[in-house]
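These protein sequences, in sequence, are chains E and S.
As numbered in this note's numbering, residues 1 to 326 make up the first sequence, in order.
As numbered in this note's numbering, residues 1 to 453 make up the second sequence, in order.
Hint data in this document are derived by calculation from the structure and do not stem from the laboratory.
Take these hints with a grain of salt, some might be off.
[Stated by the list, open to error] What follows is a set of in silico ranges between Cβ atoms, one per label pair, in the way DEER data are often shown:
#, chain 1, residue 1, chain 2, residue 2, range
1, S, 247, E, 243, 49 to 57 Å
2, E, 322, S, 25, 47 to 55 Å
3, S, 233, E, 110, 35 to 43 Å
[Said to hold, decoys possible] Here are the simulated DSBU-like pairs of lysine-lysine, each with C-alpha atoms no more than 30 Å apart in a straight line:
#, chain 1, residue 1, chain 2, residue 2
4, S, 305, S, 290
5, E, 35, S, 369
6, E, 73, S, 109
7, S, 325, E, 73
8, S, 358, S, 369
9, S, 305, S, 322
10, S, 9, E, 33
11, E, 178, S, 322
12, S, 427, E, 178
13, E, 73, S, 399
14, E, 178, S, 184
15, E, 178, S, 290
16, S, 322, E, 73
17, S, 441, S, 399
18, S, 341, E, 178
19, S, 399, E, 178
20, E, 73, S, 427
21, S, 121, S, 358
22, S, 441, E, 73
23, S, 325, S, 187
All values reported here derive from a predicted model rather than from experimental measurement.
Built from N, CA and C at the ideal position, the CB exists for glycine as well.
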Amino acid sequence: MQSVVELEAPAGEDSGPVSVSKKKLGRPRRYYKGKTPYVFLLPYLVLTSIFFVYPFIRAIALAFYQTNGPRTKVFVGLDNFRFLLNDAIFHTALWNTIVFTCCSIFLQLPLALGLAMLLNSGQSKLENRLKGFFRLILFSPNLVGSIFVGVLFGVLLTPRYGLINRTLHGLVGWGLEKHWIETPALVMPALVLTSLWLYVGFNMVYFLAALQSVDKELEQAARIDGANPWQVFWNVTLPSIRHVVIFVVILSTVGSFNLFELPLAMLNRTNGFGPDNTGLTVITYLNEIAYRSGDLGLGSAVGWIVALLIMSCSFVQFRVSKVSDD
Amino acid sequence: MLDRFPYGKAPLVLLVIAVLSSVAFAATRSSERPADIVIATFASNHYQAYKDALPKFEQQHGVTVEVQQVDFQSLESRLQSAIVANTEVPDLAEISEGTLGFFTRGPEKDFGFMDLTDLVKRDGLDHRVVEARYAPWTVRGRVYALPHDVHPVMMAYRRDLVEELGIDVSKIETWADFVAMGRKITKDIDGDGTIDRFALDLPKNGQWGIQILLRQHGIDFFDAEGNVAFNTPQAVETFLWYLHETRSPERMSYEAGWGPNYTKALSDGLILFTMLPDWRSGSLEVDAPKLKGKMGLMPLPAWEKGGRRTSTWGMTGLTISKTTKHPELAWELAKYLYYSKEDLGTRFLANNIIPPLKEAWDLPAFHTKNAYYSGQQLGLEYARLAPQVPPLFASPIYKTAAAKVDEALARCAIYYDESGETGLREKVEAELDRAEAYLKKWSDRFAVLANKE
Numbered sequence: 001m002q003s004v005v006e007l008e009a010p011a012g013e014d015s016g017p018v019s020v021s022k023k024k025l026g027r028p029r030r031y032y033k034g035k036t037p038y039v040f041l042l043p044y045l046v047l048t049s050i051f052f053v054y055p056f057i058r059a060i061a062l063a064f065y066q067t068n069g070p071r072t073k074v075f076v077g078l079d080n081f082r083f084l085l086n087d088a089i090f091h092t093a094l095w096n097t098i099v100f101t102c103c104s105i106f107l108q109l110p111l112a113l114g115l116a117m118l119l120n121s122g123q124s125k126l127e128n129r130l131k132g133f134f135r136l137i138l139f140s141p142n143l144v145g146s147i148f149v150g151v152l153f154g155v156l157l158t159p160r161y162g163l164i165n166r167t168l169h170g171l172v173g174w175g176l177e178k179h180w181i182e183t184p185a186l187v188m189p190a191l192v193l194t195s196l197w198l199y200v201g202f203n204m205v206y207f208l209a210a211l212q213s214v215d216k217e218l219e220q221a222a223r224i225d226g227a228n229p230w231q232v233f234w235n236v237t238l239p240s241i242r243h244v245v246i247f248v249v250i251l252s253t254v255g256s257f258n259l260f261e262l263p264l265a266m267l268n269r270t271n272g273f274g275p276d277n278t279g280l281t282v283i284t285y286l287n288e289i290a291y292r293s294g295d296l297g298l299g300s301a302v303g304w305i306v307a308l309l310i311m312s313c314s315f316v317q318f319r320v321s322k323v324s325d326d
Numbered sequence: 001m002l003d004r005f006p007y008g009k010a011p012l013v014l015l016v017i018a019v020l021s022s023v024a025f026a027a028t029r030s031s032e033r034p035a036d037i038v039i040a041t042f043a044s045n046h047y048q049a050y051k052d053a054l055p056k057f058e059q060q061h062g063v064t065v066e067v068q069q070v071d072f073q074s075l076e077s078r079l080q081s082a083i084v085a086n087t088e089v090p091d092l093a094e095i096s097e098g099t100l101g102f103f104t105r106g107p108e109k110d111f112g113f114m115d116l117t118d119l120v121k122r123d124g125l126d127h128r129v130v131e132a133r134y135a136p137w138t139v140r141g142r143v144y145a146l147p148h149d150v151h152p153v154m155m156a157y158r159r160d161l162v163e164e165l166g167i168d169v170s171k172i173e174t175w176a177d178f179v180a181m182g183r184k185i186t187k188d189i190d191g192d193g194t195i196d197r198f199a200l201d202l203p204k205n206g207q208w209g210i211q212i213l214l215r216q217h218g219i220d221f222f223d224a225e226g227n228v229a230f231n232t233p234q235a236v237e238t239f240l241w242y243l244h245e246t247r248s249p250e251r252m253s254y255e256a257g258w259g260p261n262y263t264k265a266l267s268d269g270l271i272l273f274t275m276l277p278d279w280r281s282g283s284l285e286v287d288a289p290k291l292k293g294k295m296g297l298m299p300l301p302a303w304e305k306g307g308r309r310t311s312t313w314g315m316t317g318l319t320i321s322k323t324t325k326h327p328e329l330a331w332e333l334a335k336y337l338y339y340s341k342e343d344l345g346t347r348f349l350a351n352n353i354i355p356p357l358k359e360a361w362d363l364p365a366f367h368t369k370n371a372y373y374s375g376q377q378l379g380l381e382y383a384r385l386a387p388q389v390p391p392l393f394a395s396p397i398y399k400t401a402a403a404k405v406d407e408a409l410a411r412c413a414i415y416y417d418e419s420g421e422t423g424l425r426e427k428v429e430a431e432l433d434r435a436e437a438y439l440k441k442w443s444d445r446f447a448v449l450a451n452k453e
């Protein structure tokens with residue numbers, strides 16, 4: 001059943017009455033009959049239409065063409081998708097991206113959450129000051145561009161002269177001559193290591209904000225009832241911050257699928273992206289295809305596959321979140 | 001008054017900011033007359049050389065010329081975007097190795113560059129310039145860029161240390177001789193388990209190293225017709241040699257990398273020999289000034305006695321836009337910058353780059369003794385090898401081919417690290433077949449576009 005309530009328009013408006021429709025058990029919707037809100041929205045709508053909606057629709061069509069810029073294109077039907085499904089390099093790029101995404105979710109996020117919990121503990125004045133200091137330290141890598149970080153780690157991971165190689169050699173007697181960026185088995189660890197440095201602090205800030213809103217009395221009650229720290233975390237803290245966790249997981253998944261600058265900056269000395277394409281991601285592959293080889297049609301097809309993958313992952317994560325809510 | 005503005009204060013403030021910034025933008029726009037001709041380059045040393053040379057040309061022709069320096073990758077992508085979108089492009093633009101194919105992958109009507117074939121012939125440049133250097137700038141039998149350089153590769157070495165070790169470089173004629181010498185001098189000098197001295201700088205995963213050696217063998221990725229050309233028995237031999245010399249326990253090479261790492265490895269004596277094209281000989285003088293007088297140059301060892309003693313690494317070509325309003329003037333400028341003999345000597349002394357104009361090699365500048373390279377006549381040494389430089393050929397997938405060859409080598413390297421010699425030759429052959437098949441698939445895709453008129 002639906003009811004409509006008529007409200008008076010704001011003073012000075014030449015618009016008619018404001019309609020508010022309410023759906024039973026639904027969110028009320030407001031339709032303003034005056035033109036003012038739409039005038040304000042117009043610049044956004046125009047720009048979005050020109051720079052997002054139109055290219056978005058064109059990209060759908062482009063995926064079915066082989067192109068040489070706007071002047072020459074040949075309709076190839078589903079050939080671009082067929083090419084990708086049979087392209088071993090695309091498969092490698094996809095696999096690398098999935099591995100990197102898994103590392104982000106299962107390594108980076110627990111680490112970020114752990115750091116957030118450490119920074120969330122302790123209440124003395126000194127501890128609070130130190131918290132601020134460490135928060136800044138851990139977040140600061142994010143203030144630096146990822147291209148710069150890629151170049152920096154490329155230098156740090158240099159065989160014989162690199163700081164990381166020399167430190168590892170000094171500490172555990174291993175790694176002085178390791179060519180991280182030239183050894184297939186070490187390329188992905190190098191990328192993950194760099195991304196940890198770059199993004200752990202960023203995700204930590206989200207978790208920290210969420211942890212600060214957890215009901216302390218609930219945690220206290222659980223402890224009084226005999227729950228150990230793990231049980232408190234698992235049964236009280238984590239469920240309390242689950243919405244932020246889901247948000248960060250989705251953000252990290254999307255970010256990992258869009259990984260581009262780090263491999264570009266770190267692996268640019270190699271032809272391709274690391275030996276045997278061990279550092280190739282779907283977006284670097286897209287860049288190679290669309291801009292280095294100039295095949296925008298095939299590039300669009302890659303873009304669509306990536307978009308569908310991201311949407312599917314996000315959908316699954318939303319569903320999981322909804323099930324846990326229910 | 002602010003409150004009477006129809007939508008309140010905030011939109012009024014935004015409106016004022018927008019108006020003010022538009023006025024400021026309009027007021028600060030340069031009122032200078034745009035240059036008659038614009039030339040874009042990606043190399044800083046070219047930029048400076050052209051800046052120095054242009055006033056004379058401007059005076060002679062009564063025109064203004066603007067030279068722009070753009071990052072190498074940006075130049076390539078922006079130029080291509082501008083060409084396909086029919087927007088403003090520089091009248092002349094320098095492009096680098098392996099990129100012409102990228103600009104000429106579609107039908108000829110889409111090419112953004114002027115066909116220079118007839119002009120080259122008209123002015124006799126086809127005979128005056130090293131012929132092999134036109135090949136990379138030729139597509140479907142037509143020339144689309146003028147070659148800037150020859151870039152022969154020599155072997156540079158730490159003369160002081162090599163002499164201390166009693167090595168006579170004049171006796172090293174073949175790679176077999178070099179490897180025999182290299183194995184002897186590659187050593188853990190202080191006995192700490194880490195090798196402190198290697199003979200040669202070679203990247204483990206191919207890149208420029210495998211390309212130089214394949215080219216020395218006369219193998220490029222493609223032939224003049226655009227067919228894949230690297231899958232040959234000689235390429236198999238080169239791969240096997242490379243794998244042994246970069247990965248076996250008795251290898252004599254080390255990957256020194258780039259920039260400070262490279263110069264430090266050379267300065268520390270970690271590597272004693274390095275393959276050095278003419279352009280890199282100039283950079284080394286700047287990057288490692290302490291090595292002045294300690295370096296020497298020799299031709300590359302040949303693959304077999306009496307064989308080719310050089311290879312090539314890198315190249316630049318000068319294109320003229322099809323849309324230029326002054327095609328004749330642009331052609332004159334191109335010739336002036338690249339082939340005016342009187343300026344090439346001075347330019348060589350500034351950057352060590354051998355021009356492809358053969359008659360310029362007789363200039364005194366090319367006979368000057370270079371103190372950095374122990375008084376050797378650097379110009380003469382490189383120029384002697386220039387006619388032997390192998391031709392390279394354009395393809396829309398040149399860079400993809402470079403990546404595929406490296407990928408093939410990397411896969412063979414993984415196999416070699418795990419399984420050693422057993423079945424290595426078969427693995428190399430299989431990987432080269434695989435790389436060739438992949439590139440053929442790409443070539444077929446581009447053939448569809450190239451044939452569409």
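query: Which numbered hints does this structure break?
result: 3, 4, 5, 9, 11, 18, 20 and 23
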